[in-house]
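K.L.:
Given next are the chains, with one letter for each unit.
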Amino acid sequence: MALDQASFESLLREHQAMVFSLAYHFFHNQAIAEDVAQEVFLKLYENLHRLESPAHVASWLRRTTTHRSIDYLRRGHVRPEVQLEELPETPDLPGAADPLLHERLRRLVASLPQIPRLVVLLRYGEDLDTGEIARVLKLPVRTVWSHLYRALALLREKAARYLGEEAV
Amino acid sequence: MSRLEDELRQALRRREPPAGFAERVLARAHPRESRRPSWFHWRWLAAAAALMVLVVGLYFFEERRRRLEGERAKQQVMLALHLTGSKLRLAQQRIQRFIGPGAAFQD
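Respectively, the protein sequence lines represent chains A and B.
1 is the number of the first residue of the first sequence in this note's numbering; add one for each residue after it.
1 is the number of the first residue of the second sequence in this note's numbering; add one for each residue after it.
Some clues are possibly wrong.
[As the list claims (entries may be wrong)] Calculated Cβ distances over 12 Å to all of chain B for the following chain A residues:
1) Lys138
2) Val141
3) Ser146
[Claimed, not checked] Some chain A residues near chain B, calculated using beta-carbon distances under 8 Å:
4) Ser7
5) Ser10
6) Leu12
7) Phe20
8) Ser21
9) Ile32
10) Glu34
11) Phe41
12) Leu121
13) Gly125
14) Arg156
Just so you know, the hints here were simulated from the structure itself, not pulled from any lab data.
Backbone N, C-alpha and C define an ideal beta-carbon position, used for all residues, glycine too.
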């Protein structure tokens, strides 16, 4: 059974945090994240008749958000990654629950190359397993594992360099 | 799970979009809907298309009628010329018979 336009508003309210968060953590920029998230939901509105169930909508939205985010970068609207030089100095690192530490971690994630960044976002932001990530990004599971492994290694190295040993 | 992974989960947890996000999306979605042709619009488009077919059809019908009339008039003119020519030839033959052969060379 296809979804109709009347169900759009409830789907929008149900999934807005997921779509916005994926875009936000990808770009580390609220304005761009809202722009991309709006485009994703307008695309959903136009394609509702093709989606079979609400369960299908969540995976469709994840896939579309990741693709739109990459497209947005390719169209040259924004610089590819947050530059590490932009990261603030870390005088004395507070404890793990410190929001400042998390903000710095988000910036580190945003400085990763596109695909490893998406793998990390889907793994730790959306709590997907590697099989689900592979389906969203249309990559082999082994490639996802490889991206995840290398991204974590890179993050550990960057975190040690920019956030201090305590963070890792 | 390593401490880094745990921190990543917390750092990357979902966040709500800015206030009014859903309303802004809905406002952008609805004009798209109104731009789609409704049945009302389709009816007007169909009527306009039918009218155009009628006008074009009448134009070609009138053109054909005029062409046929022209051809008929041309045939009538040709027939009249042909008849006139025949009458003239007949009259010339009678005159020549009346005045005799070679009369045309006499003064």
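K.L.:
Each of the hints needs a verdict: does it hold here or not?
P.N.:
Now for the hints, and whether the structure bears them out:
no., hint, verdict
1, Lys138, "holds (22 Å)"
2, Val141, "holds (19 Å)"
3, Ser146, "holds (17 Å)"
4, Ser7, "violated (13 Å)"
5, Ser10, "violated (10 Å)"
6, Leu12, "holds (5 Å)"
7, Phe20, "holds (4 Å)"
8, Ser21, "holds (4 Å)"
9, Ile32, "violated (12 Å)"
10, Glu34, "holds (6 Å)"
11, Phe41, "holds (5 Å)"
12, Leu121, "holds (6 Å)"
13, Gly125, "holds (4 Å)"
14, Arg156, "holds (6 Å)"
Comparing the model with each earlier hint shows violations of hints 4, 5 and 9; every other hint is respected.
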